Every structure is written in C-alpha cells, then in structure tokens.
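Protein chains: 2
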Amino acid sequence: MAPDDTGAAEVLSRAGAADATDPLSAYRDRFVPLPDGVIYLDGNSLGRPLRRLPELLGRVIEEEWGGGLIRSWDHWELLASEVGDELGATLLGARPGEVTVSDSTTVNLYKLAMAAIGARPGRDVVLIDSDSFPTDRYVLDGIAERHGLQVREVASHLDEGFDVEAVEASLDERVGLVCLSHVGYRSAARADMAPINRAIHSSGALVLWDLCHSVGAVPVDLTGTGCDLAVGCTYKYLNAGPGAPAFLYVRREHQAQLRPPIWGWFGAADQFEMGASYEPRAGIGRFQAGTPPILGILSVREGVRLLAEAGGPSGLYPKAVALTAFGLELADRWLVPIGFRVASPRRPDRRGAHLTLEHARARQLCQLLARAGVLTDFRTPDRIRLGMAPITTTFTDVARAILRLAELAVP
Amino acid sequence: MAPDDTGAAEVLSRAGAADATDPLSAYRDRFVPLPDGVIYLDGNSLGRPLRRLPELLGRVIEEEWGGGLIRSWDHWELLASEVGDELGATLLGARPGEVTVSDSTTVNLYKLAMAAIGARPGRDVVLIDSDSFPTDRYVLDGIAERHGLQVREVASHLDEGFDVEAVEASLDERVGLVCLSHVGYRSAARADMAPINRAIHSSGALVLWDLCHSVGAVPVDLTGTGCDLAVGCTYKYLNAGPGAPAFLYVRREHQAQLRPPIWGWFGAADQFEMGASYEPRAGIGRFQAGTPPILGILSVREGVRLLAEAGGPSGLYPKAVALTAFGLELADRWLVPIGFRVASPRRPDRRGAHLTLEHARARQLCQLLARAGVLTDFRTPDRIRLGMAPITTTFTDVARAILRLAELAVP
Numbered sequence: 032m033a034p035d036d037t038g039a040a041e042v043l044s045r046a047g048a049a050d051a052t053d054p055l056s057a058y059r060d061r062f063v064p065l066p067d068g069v070i071y072l073d074g075n076s077l078g079r080p081l082r083r084l085p086e087l088l089g090r091v092i093e094e095e096w097g098g099g100l101i102r103s104w105d106h107w108e109l110l111a112s113e114v115g116d117e118l119g120a121t122l123l124g125a126r127p128g129e130v131t132v133s134d135s136t137t138v139n140l141y142k143l144a145m146a147a148i149g150a151r152p153g154r155d156v157v158l159i160d161s162d163s164f165p166t167d168r169y170v171l172d173g174i175a176e177r178h179g180l181q182v183r184e185v186a187s188h189l190d191e192g193f194d195v196e197a198v199e200a201s202l203d204e205r206v207g208l209v210c211l212s213h214v215g216y217r218s219a220a221r222a223d224m225a226p227i228n229r230a231i232h233s234s235g236a237l238v239l240w241d242l243c244h245s246v247g248a249v250p251v252d253l254t255g256t257g258c259d260l261a262v263g264c265t266y267k268y269l270n271a272g273p274g275a276p277a278f279l280y281v282r283r284e285h286q287a288q289l290r291p292p293i294w295g296w297f298g299a300a301d302q303f304e305m306g307a308s309y310e311p312r313a314g315i316g317r318f319q320a321g322t323p324p325i326l327g328i329l330s331v332r333e334g335v336r337l338l339a340e341a342g343g344p345s346g347l348y349p350k351a352v353a354l355t356a357f358g359l360e361l362a363d364r365w366l367v368p369i370g371f372r373v374a375s376p377r378r379p380d381r382r383g384a385h386l387t388l389e390h391a392r393a394r395q396l397c398q399l400l401a402r403a404g405v406l407t408d409f410r411t412p413d414r415i416r417l418g419m420a421p422i423t424t425t426f427t428d429v430a431r432a433i434l435r436l437a438e439l440a441v442p
Numbered sequence: 032m033a034p035d036d037t038g039a040a041e042v043l044s045r046a047g048a049a050d051a052t053d054p055l056s057a058y059r060d061r062f063v064p065l066p067d068g069v070i071y072l073d074g075n076s077l078g079r080p081l082r083r084l085p086e087l088l089g090r091v092i093e094e095e096w097g098g099g100l101i102r103s104w105d106h107w108e109l110l111a112s113e114v115g116d117e118l119g120a121t122l123l124g125a126r127p128g129e130v131t132v133s134d135s136t137t138v139n140l141y142k143l144a145m146a147a148i149g150a151r152p153g154r155d156v157v158l159i160d161s162d163s164f165p166t167d168r169y170v171l172d173g174i175a176e177r178h179g180l181q182v183r184e185v186a187s188h189l190d191e192g193f194d195v196e197a198v199e200a201s202l203d204e205r206v207g208l209v210c211l212s213h214v215g216y217r218s219a220a221r222a223d224m225a226p227i228n229r230a231i232h233s234s235g236a237l238v239l240w241d242l243c244h245s246v247g248a249v250p251v252d253l254t255g256t257g258c259d260l261a262v263g264c265t266y267k268y269l270n271a272g273p274g275a276p277a278f279l280y281v282r283r284e285h286q287a288q289l290r291p292p293i294w295g296w297f298g299a300a301d302q303f304e305m306g307a308s309y310e311p312r313a314g315i316g317r318f319q320a321g322t323p324p325i326l327g328i329l330s331v332r333e334g335v336r337l338l339a340e341a342g343g344p345s346g347l348y349p350k351a352v353a354l355t356a357f358g359l360e361l362a363d364r365w366l367v368p369i370g371f372r373v374a375s376p377r378r379p380d381r382r383g384a385h386l387t388l389e390h391a392r393a394r395q396l397c398q399l400l401a402r403a404g405v406l407t408d409f410r411t412p413d414r415i416r417l418g419m420a421p422i423t424t425t426f427t428d429v430a431r432a433i434l435r436l437a438e439l440a441v442p
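Sequence lines, in order, name chains P and H.
Take the first sequence: its letter number 47 is residue 78 in my numbering, and every next letter is one higher.
Take the second sequence: its letter number 390 is residue 421 in my numbering, and every next letter is one higher.
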C-alpha cells in the first residue's frame, strides 16, 4: 500500500523522535554539511568529509611538509603502522603491530593473497564467495591465471550470503586460501566469522577477509574470531576520502612466515641504509611497499578518531541495527506491496549497515531518486542499495528516502 | 683552499646576479616559504608544497567530495588518465593515452615488470643497473625469487653511470627485461636513452626506465627515444607531496599485449557493470588497479601545471645545468682541496639536477649541515647529495651551502 499522508506523517514523526534521542546526532555537525535538499544514503560507497579536514591538511602541508620538509620523514616514517594500530584497536579487535595503512584494497588483497598462497605450497585452489566484490574476484583470477591455480566459489545465497556449511562444502585438501567478504557489497549479508575460520583452519587453509563493507559499521573481532588476514578500505564508513589508502591486517603469529610479493623499500629492514639485498622488516611493516601517502594516512587517522570518539562499534552498531530495521519496516510496508523485494537479511546479526531492494526498474529508479536529491547506489542487475552510515545518517533520511522511492515507483 | 672572505663575497655576488636574471625566479613565490634560515637542497628527495595547495584541496574536499558526494566519481573516474596525459605531454614526451597516475613507484614497477616478463616467455633473465635505487632492485629480486628468474647487473660506474656498451655487454638472448634508472639516485649520472633502447630492442628485450630522479628536472623523450615502459614518482621535482601517487608509462603499441599482474576493478572494462570476469580496459587504464587517490592525483596535477607554466623541460633544464655547473665550480674550488671528491658526471649532458660529493665523514657532515639549516641528503656509504630543483633553488642557495660545507669540513 502506498503511503498516505497520515501514514507518512506518523512515520516521519517517529523518525524525528528517534533522531532527537540519537546519541550520535551531535557528530553530524562534524561533517561538511550536505547540499540543500540532498539525502545521502551512499556513505557505504563514499563517506563524507570531516569539516576539519581542510584545515588539518592545510596545516600539515604548510607546517610539516613545507616547514619540516624532508625532516618530517623522521615522524612520518612509522605513521602508516601507528595509524594502523589505532584503526586496529578501535575498529578491528586487532593487537598492536597487526595492521598497517597502505596502497589500495586491491593491491593489499593481491599482496596478502600472494603471500598466503606462497605459504601453502602444493595447494592449488583458492576459494571465494560467489557474491564477492568484483575486484576481489579479479585479483584472484589474475593470480590464478599467472600461477596455474584454480579459483572455486563458495555458494553464496543472493540475500543471505554464506554460512559455515557453505564454506565447508567447498573445502578440501587442495584449498590453500579462502577469500571472503565479511559484509556482502550487494546484499549486506554478514558472515559469522568464528565458525567459518575454524572450519577453514581445520582443513589447513588460510582465510583472508574483505572488510570494506563492515569496518566502521558493525563489530569486527579479528583476534577473537581467529582471522588470519584481512583488508579493507577507508573511504566508506571511515570517511577518509575518495581513494584514501586502504589497510591490511596480518595476524601476528603469521607475519614471519609470510613473504610479500612486492618487495619495496618501505617494507625493508633498515630501509635508509639502502642495502643491496632485501631483508623484510620484522613485523607488519614488511607488507608496506612504496612510499606511504602521508596526507591520505592522516585523513584515515581523522576518520578513525572520530569513530573512536563516537564509541567505536559499540557506539555505532546499535544505530546501524536500528536504522536498517527501520528501513526494513518501511520497505515491507510501502515498497514490497508495489513490486520491490527486500534483498538483505532480516536477522540483524546477519546484516551490515545497508539495505538492498530489488526491483525490475532499479537502475531507472536509482536515477530518478538521484534527480530528487536522494543519493543511493545501483548495483547490477536490479538492486538499489540504501547505505545507512550510522555516524551521519538520520532516521528521517531513511523515512524520506523510502517515501520518495514509493512515490517514484508507484505502478 | 678554504674560501676567504673576498672569495666568498665575490661568489655570493655572482650568485646574486644570476638569481636576479633567473627567468624562473618568480615561481619561488608560488611555494610555501621556507622556514627562516633554511637552505633546501633536498627537493630531489621531497619537493616543496605549492602555496595554493591547501586552499585547492580544501575546496575539493568541501565542494567536490562534500557537495558532489558520490556523483563526483562521474568526473573523477578518468582523472588518473587525464592527469597522466598532462604529465606525459608536458614532461615525458609521451603521446595521449600512454601515461596514468597510480599507486606508488614500487607498485608500478612491479606491475610493469611482471607484465613485461609475461610478454617475453622463455627469457629468464632481468637486467638492472648496478647503482639503481634499492626499491627497484628489491622489486626485481622479489619477482625473480617467486618466478625462478635471474637478476643480473649492468655494471654501472660509480660516478658516470652506464652507457650503451655496458648494457650491450650484459645483453643476451636470455634477457627479457632491462630495468634502468634514467638519472642515478646517488651519482646523478644520466643515461643516454636512445642508443640504449636500440641495443635492448636488437636483442629482443623490453626496457623499463625509472624516471624518479629525472622527471621535472631534465628532458625526457619517451616517444622519440623509443622507450617501452617507464615509472616515476611525483614527490620530488613535481612537488606533489610526501607519498603522492606515482605514474607509469606504457608505449601505445605494447598496451594490448601486456597483461597487468594485479587485476583490479579500476583496470577493468565496464567497471561499474561489475561483471563476473575481468576484461582489461583497452588502453593505459588497464594498468590501474584499485580506486585512485583523488586528492593525491589533483596534487600531482598542480605540480605538473606549475612546471608546464614554467616552460616544462625547456624552461627548467637550462637552470638545472647552470645550478649544477655552478655547484661543481665551487666544489672544485673549495671542497676538493679539503678532501671531497666530486661523484657526479662533469659533462652536463650526462648529469641530472643534483650533485654528489664523496667524503669520509659524509654522514656526520650531512648532520652538521642540517643543524646549520642546510638540508641535503646523505646516501650510503659516504656521499652527500645537493639537490638543485630548478623551480625552487637559487644560485645563492648553492653558494651558501657549499661555503657552509667548506667551513664545517675544514680539517
């Protein structure tokens, strides 16, 4: 049933009340304001800039770079690992020395996948979940083509993702590495890491998690759930900017055994001695390659610190659950009756912070929404993603977006 | 002979006169001013920030990222290749569609070396000049270890670098790739690309040039000299900032044959269709991997545009020659008599824009210079590099630095 005026008013009033008591509401002022009339439900694709970032980067440019000049490398040198530690402690449940900020998610995935494959000689199969982000699949296919490996899929349910049984069904003694998305980029399905990691370890393989759609939105406990390797980006829920450097995680116990494929001077021990032969650094630093992007890493630090101030996952996750539950309720009420299908898990503990709706005219509806100022994401073949970054999204945003979508889609 | 007051005064007066007629002098005001008392001869390690960069990045953060939000990807998507084209046309003698800005030099070197090796199956030797930058050697050693190749050296003279005869002496039918530095990071020796490229091509190998220490300082003609592949960084003479994204060049005629090793979504055709299998983009874009760092690429664009405004290599190179010749003259007069050795080529057409001096106490002298506000670079085992970025360095800087070095080193 399409929303009538009374129904809409009642929902908007409830949304307003939820916003008024939202403990995160004050953080919205820390971001560059949205343009008038824009509702932004795409923070899971590109997060929003912190208001203080221009001034902060300006000061770094003028003082650290322009004033300190080459001398600033004395404190920049370890910045990637320092910010990695902050990120790891705040949002990933990692221990010190397990996370660094570097390169892009794609390059980090390549580095860790190559290292893992090298650490499991004789195992010639790599597993990936069938609904993983394209770049993950591309990276593994590229490695497989070059190195004579085979990529096999863990069957992923369109809406619900994969569970431990699905992973187990694909595991055998040929599998050396399993690469999985913690939260699916299309469905928002969230995997249950601990039992999946146990199953993978029982078969002797290593696991590499892609955290792009979970970090900063849902709890991640890399240590407690026994993860081996992980990568993720910082330009979604971490708000570090378009193409900001990504991060990688290597469990402490594995670091000495894993050889990075790209041997760069920032991964070398005694790098400024510039010796003739490469000796990798002792810890996570060996997974650095080239010169780290300082301004980008500082933007990551700002994003991480803001989320830390907001309470980290324990501050953010309850709101992610509440926003997506609210969105689900409204979708069921106003969208499902007019031809939409909810394509995200209904159980909050299996969901990330976005909600996906399937509709035959999804691509067109997404464009019409954008013209109306409601920015969402289209994902092939027929899905609209409503991203609900907990730090910036209001309940009113969700209600207005779904009301607008119902208006646009009415048959 | 140590500089007496009269000699010093005469030289400083000549330097002042040269600065007064320097056609590039106005460009110094375009940079964030140096701290009081600092002489900066390390722009070949980290260039200086443009004064307008804070405001420019601030505007991009607020308007394009904060205001345009995800919609800005419509024009950011091809930014890396657009800026690559500007860089290529202005400073590299490249044709449109041959250069892109991405990743770090290390990662780009890895991508191109792996692609080149893949294009020369059966050839199991990679050559590198023996005085190349450590990361270049590390990258090739890493590839060799993993892929059962052998890295051999082109014998590079300590001061003069390598010539075509040295390269020819190392070439045989086993060599698939030759990786060379255009300007040596220690000696400043500059290679003569055209005959070297011809020799390499005669033997059936591909050549990959590292341009880190030449781009923005000396002329580079990738098309005219017949280069196959090149990489370089933007944080030295291009002034794009610490860890700013690097660039890569692939000659148009080779692009379709070369397969990048890291298959990422930004290198895929129809990337936003997110198809199940990777199909590389048609042109240089296939050598992109992950999401490009937009703020970094815009900083590269500013650096390139400033050098373009200053006349590109025809504006910059004559001053590089004059500065290094002046430095050489003063070194011969005041430093050689007290125990220094000039460790850079004396012929200007074989030299980059820095000058290297060898001294038994080089490490300590470099530190003493820094304490006196003269920032240079120490390079193992016993060399001091005086970087003379033509856009920002004055003749007075060079004279004062060498006078100070003479004072500090007097036996």
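If you are wondering where the hints come from, they were derived from the structure by calculation, not from laboratory data.
These figures come from a predicted structure and were not determined experimentally.
Just so it is clear, CB atoms sit at the ideal spot from N, CA and C, and this is done for glycine as well.
Mixed in with the good hints, there may be bad ones.
[What the hints assert, rightly or not] Computed, partial: chain P to chain H, Cβ under 8 Å: (1) I101; (2) V170; (3) R177; (4) G179; (5) L180; (6) L326; (7) L406.
[Said to hold, decoys possible] Here are the computed distance ranges between Cβ atoms for each label pair: (8) E93/P - A225/H: 36 to 44 Å; (9) S308/P - P226/H: 29 to 37 Å; (10) D155/H - S308/P: 13 to 21 Å; (11) G404/H - T52/P: 53 to 61 Å; (12) V367/P - S308/H: 27 to 35 Å; (13) P152/P - S308/H: 46 to 54 Å; (14) R83/H - S308/P: 53 to 61 Å.
Cross-check of the supplied hints:
Contact between I101/P and chain H, as hinted, is supported at the beta carbon level, the nearest pair being about 5 Å apart and thus within 8 Å. Of the supplied interface hints, the one on V170/P holds, with its beta-carbon coming within about 6 Å of a beta-carbon of chain H, less than 8 Å. With its C-beta approaching chain H no nearer than about 6 Å, R177/P sits inside the 8 Å limit, and its interface hint holds. Because the smallest distance between the Cβ of G179/P and any Cβ of chain H comes to about 12 Å, over 8 Å, the interface hint for this residue is violated.
Hint status for L180/P relative to chain H: violated, with the closest Cβ pair at about 13 Å, above 8 Å. Because the smallest distance between the Cβ of L326/P and any Cβ of chain H comes to about 6 Å, under 8 Å, the interface hint for this residue holds. Because the beta carbon of L406/P sits about 6 Å from the nearest beta carbon in chain H, less than 8 Å, this interface hint is met. Range check, E93/P to A225/H: Cβ separation about 42 Å, and the 36 to 44 Å hint holds.
At about 31 Å, the CB distance of S308/P to P226/H agrees with the hint of 29 to 37 Å. Taken as a hint, the range 13 to 21 Å holds for the pair D155/H and S308/P, whose Cβ atoms sit roughly 20 Å apart. The hinted window of 53 to 61 Å between G404/H and T52/P holds, with their beta carbons roughly 57 Å apart. At roughly 33 Å, the beta-carbon separation of V367/P and S308/H lies within the given 27 to 35 Å, and the hint holds.
At roughly 27 Å, the beta carbons of P152/P and S308/H sit outside the given window of 46 to 54 Å. Distance hint check: the CB atoms of R83/H and S308/P are about 43 Å apart, inconsistent with the given range 53 to 61 Å.
The structure fails to meet hints 4, 5, 13 and 14 from the earlier list, while all remaining hints are met.
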